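Visitor: Each chain, written out:
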Amino acid sequence: MTSFVNSIPGLYGDWILHALVWLPVAGLVHVLASPADRAAGLAFRWSGAVFILSLGLWWAFDPGDGGFMLESSVPWIEAWGVNYSLGIDGISVFMVLLTTLVTPIAILGSFNYIKRRRKAFYALMLLLQMGVVGVFLATDIFLFYVFFELTLVPMYFIVGIWGGERRIYAAVKFFLYTAVGSLLMLVAILYMYFSSGVDSFSYEAFLSADLSLREQLWLFAAFALAFGIKVPIFPLHTWLPDAHVEAPTPGSVILASLLLKMGTYGFLRFLLPFFPGAAQHPTVVTVMLVVGVAGIIYAAWVAAVQPDAKKLVAYTSVAHMGFVVIGVFALTVNGLQGGLVVMISHGVSTGALFLLLGMMYERRHSRLIDDFGGIGRVAPLFATAFVITALASIGLPGTSGFVGEFLALIGTFETHALAAIIAATGVIFAAYYMLPMVQRVLFNELDKEENRNFSDLSRREMWVLGPLVALMIWIGVQPGPFLERMEPSVQAVLERVEDGAMAAAESTETDGNERADASVRALPPADSGPADGPDVTPASAPTLAPTTTPGGED
Amino acid sequence: MLSAAAATAAAAAAAPGPGPLARQAADWEPLLPGLIILLPLLGFIANGILALWAARQSSAAVRAGGEWDPFAGDRRPLTHTLPTWIGPGVMALAFLLTLWNFEGMWAAHLDEPVVEKFWSWIVTSTLTVDAAIQLDQLSMIMMLVVTGVGFLIHVFSVGYMRDDVGYPRYFAYLNLFVFFMLVLVMGAGYGMMFIGWEGVGLCSYLLIGYWFTDREKSDAGKKAFIVNRIGDFGFLLAMFLLYQAFGTLEFGGIFDEAEGQLVAGGAVVTSITLLLMLGAAGKSAQVPLHVWLPDAMAGPTPVSALIHAATMVTAGVYMVARSSVLYALAPTSQAVVAGIGVLTALIAATIALKQYDIKKVLAYSTVSQLGFMFLGAGVGAFTAAIFHLMTHAFFKALLFLGAGAVIHSMHHALHRTGSHEDAQDMRNMGGLRTRMRITCAVMWIATLAIAGIWPFAGFFSKDEIIWYTAAWAGAESNPYGWLYTVYWLVALATALLTAFYMTRLMIMTFHGASRVEQGARGHLHEAPPVMTVPLIVLAVLSVFGGWVNVPEALSDSVVGFFGALPMSEWLHHWLEPVTESAAGVQVAAMGDPSYSAPLFGGGEVMWALLSTLAAAAVVAGAGRFLLARKYVPAAEAAAPSSGLGRILYNKWYFDEIFDRGVVQPILAASRWCWKVVDTVLIDGFVNFVGNFTRLAGWLASLFQTGQATTYAFVLTLGVLAILGAAVFLQ
Amino acid sequence: MLTHALILSAALFVIGTLGVIVRRNAIVIFLCIELQLNAVNLAFVALSRYTGIEGQLYVFFVMTVAAAEAAVGLAIIISIFRHYETVNVDKFNLLKW
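Chains as they are written, first to last, in the numbering used here: chain A, 1 to 554; chain B, 1001 to 1730; chain C, 2001 to 2097.
Just chain A, same shape as in the assembly:
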């Protein structure tokens, strides 16, 4: 299959990434141009088509290569060296596939939930998909930032228009929290752009930026704050429970499965490679590990006492993402790979949990755990799916959750044993928050008459949950294909961190000019031409430079 797909480079590999970004937009136009009662079906079909197309990436992707592949680049704002350039590697490919899988499922899961302004809703969902896919595919920092911010807008409206009672508060909180972070990141990006000396926003150009350790630390802080709010890491998490509780089901699903991943993806893609010196700085590592571990324990505790099921699951997201944070900042292969698997696993299992909670809400119009009980008697399929998903979420071996958490913890243990030990208590607390919820919803006496009419899964709902449940078990039993595909890219990130840190150390010692040389190009593949190719010629860059200065005066 690999050879087959690769034998037609002129076909699949050339257009697929662009198609993934722009097909949702075409779908968006189609939805807007059609009557409202067809919006849901159309949106599902478009996103489903995108998913089927994206499946080819599994094979088109070369597992042995740690750099970007299927790259393509078109000049966008030549004066500033901005390119519309896309590429994919072992880190982003899973995020992209997760996005293309979860979006149609979320749309399918929303058929009964969304009753008002359906055209607008589904158009926004497709816009959201475009933004998220773009975030994961962009290899130009400017383009990345545009996509990163683009995701904010549809999510804001999805929460603000189709949300619950406190939707405005939640939407504004969500927007402001993330905007604060991303504006700081914008400042950092501009600083890097102007100080790098390369008039390009390409990923490679930023990698070669020549930064002292002091600069690295400041820029790291700005980036980390932006991504950390998105993750969210403790104590920047309070927007998440509100947004989740108020968001409509598909919004929660996308938020948990995809938007949170943009933060941790940013850690892996930008934070570590751009600032290798800072990423290895003992204080930085300590701080990140502390917030990661604190998030795991704290969120688990807070989750355990929530009366609102959706809020409970929202807090568990914080706990899960804590595992990603410690895995990433352990700076070991196992830790990074574990973090990535937790990201995938969390996307699948928490997405499924939100879908299940949405189904409960559709039936009973309540999210309070105490309003349920004994559901297992009237809805056995629902209960089965719920239990499997809950177990995957608390990391039972044989499900996806375990593989990720195990690797993340063992990777952390290699370098920071104490953090891993404390984080491992999260295993206990996971049972402490999840099982009581499962019990109070599914088990116990069926003592509320309203719950007698709690219908079991419909055929559509089985199609919604089936793929996710299958994926949880597949990754849990046979994670090899996932791990082997992400390994080279993860290795490349680690090499970059190690080399870069050495270079940074040298440069601070000698204050010399040759400091960047050692660290340049640890990551990009040999044929990373387009970004610094003829599109941004060195000759044109100086003459155009003055036009960029007005921006700098602000």
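Bear in mind the hints are in silico, worked out from the structure with no lab data behind them. Source: prediction; values computed, not measured. Take the hints with a grain of salt, since some may be wrong.
Unchecked claim - Derived, one-sided and incomplete: chain B residues facing chain C with beta-carbon distance under 8 angstroms:
#1 Gln-1704
#2 Thr-1705
#3 Gly-1706
#4 Thr-1709
#5 Thr-1716
#6 Gly-1718
A virtual CB, placed ideally from N, CA and C, is assigned to each residue, including glycine.
For chain A, the structure is supplied; the task is to place chains B and C on it using the hints.
Guide: Same frame as chain A, now just chains B and C:
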């Protein structure tokens, strides 16, 4: 199983050449070992589909406001007949396949474990965990116990659960449990073992809460899972340390390297083994993590027999025995393991004295016997621990199933008369022997076995553990010799307590005057053959099961039938390839065990005779004493109000201490985190920023009068200010 | 010469500005704005003698804009008068948040 073993032994003895267990490398291809694991999984899938099918029908009935009665028609629905064949069927096949492989392994004189890899489970550049199984003598014994006893319990369940609406679901869970248990004992590394480890915990959770609409039962399941996870936390950390020390989690890689890699008695191996012990304590209900097991009796009684007596709870013992090399390298951990074991044995035995629920007594008895196993494993008598594990599986499964037959009978009788008396409370029983002769007889056999009375199975295994404790206490350079002496004395005393509380159980249940309600008495009846046949098979095993490992020292004496038994120390030799390196390490560290008991002297034969005589005396004495006592039915009885009786009745207040000391503080902390940190501190700050901005905006808006002329005036002032600045600040 | 022209321009501008601020009649304010514009025009013309023709060029722009503004402004004032029956700007305070 034993008959087959005996047959093979006879065949081996007849064959010329080296002794039956001479160590030599041999090529041996196990027959479809993967299928042994796969069969219960297939059973789970088949039964699971049937269970969902049945549950759909049941849910439709419940939604309509009624209850589903699958037994209303003339014929049972397919969902309630097929599991009868699928559930025990896959177990029978798995057992036969295991037997076949057992015979093959025996014939091959296997020296090295046979590892079969299916696929790579977790692979990164520095860590590889294979989905692989390992067949060696230890896992073979466990497989035989799991599939053999498991099969009998499946058969018993057919009778016991016959009238339950969730029949297919029950068998689905039970099959799934066996699957995970087999993964646990057959896994070729700690990673695989952990899959089984948590998997059996899951099944235990599901089966304890099998009647999930009952809040108490569902609570018990949850408690079991969470307490187990405390142990799993230790297991996880131990795996991390093992990975750091060895770079692998496979048994082969670890045990071959252990002696070279680890400093004997060093911090690393001690931490690893202590953490593993934490895991084992969680799974095998050792003090203080034993609190979940008595509650776990909320599950159906055959589940208690299979999971909470015969197999799952012994997983911890299996793990310690499996890691014998590591423990032998860490004498401190050994002393801790043995100490926890003996303490558990004592505490649980004392609690069992004052319990009235027949299953609770057996539960504490199980905890106590598990303590004995840990004592054995702790003092380096790994074979004795596994031996006791095996015999305990026989007689404790028998006791639970017998209790199940009693409860079944009581339940039916009380149900007939519409009584709401507790069918499990022994104060409501008495005199059942006339109604249930077979059950009474087999349970007496099991009682004599667990009490350690010659020549029943429990005598040999328990005596061996106690004797090894004494022997190692006297080892020349055992740093904890005096501690071992204490253990030995406590273990002896506990053995007598065992004899007492088991006699109490038997007397209260089967003897004396009947305290069953007048009307219900007539409805008491013996269990059907599908239930009694497994009981009889287990009774046979409880009698003869101990004969496979009569110690050499005893075999020529009266307790060893003067050498008439063909299999003296069979199990010991059988397990030698697994345990010999541990034994070597231990002898190197502590010197040889002594051949006479500490403090009093005397050899193994003397102490064996003494202990069986003492136990017999306790049984006889307690029987006379308790028969003479009057019991009042549970409804009229009051809880003991003072003294030791009250403490024992309340189980040493472990649950209360945990609740006040751990659960409530964590809950309070959780609420504090939510209500104070999240809501007040973090959100307070966030909302403060928001409100501050809003306030500033409101203040600024006061300058907006809406009068265009005012704006013009301010504008002019502003322009003048800028111009002025431009002019004067040049 | 230039100085005189600029002083005159400044004086006109200040008168216009003060008129805008202190007068209450919308029509008068409007006239004052015209006064300001023409003050600027004067400055432009005066300066164009030294800096080139662009100054005078801008005057035409300003006159055009002023004419357009007069048309729109008067229309607004008439509309307001129809609504409120007054052209006293103190009565119009809707120009806030």
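Visitor: If a hint holds in the structure, say so; if it doesn't, say that too.
Guide: Comparing the hints with the structure gives:
no.	hint	verdict
1	Gln-1704	holds, 4 angstroms
2	Thr-1705	holds, 6 angstroms
3	Gly-1706	holds, 3 angstroms
4	Thr-1709	holds, 6 angstroms
5	Thr-1716	holds, 6 angstroms
6	Gly-1718	violated, 12 angstroms
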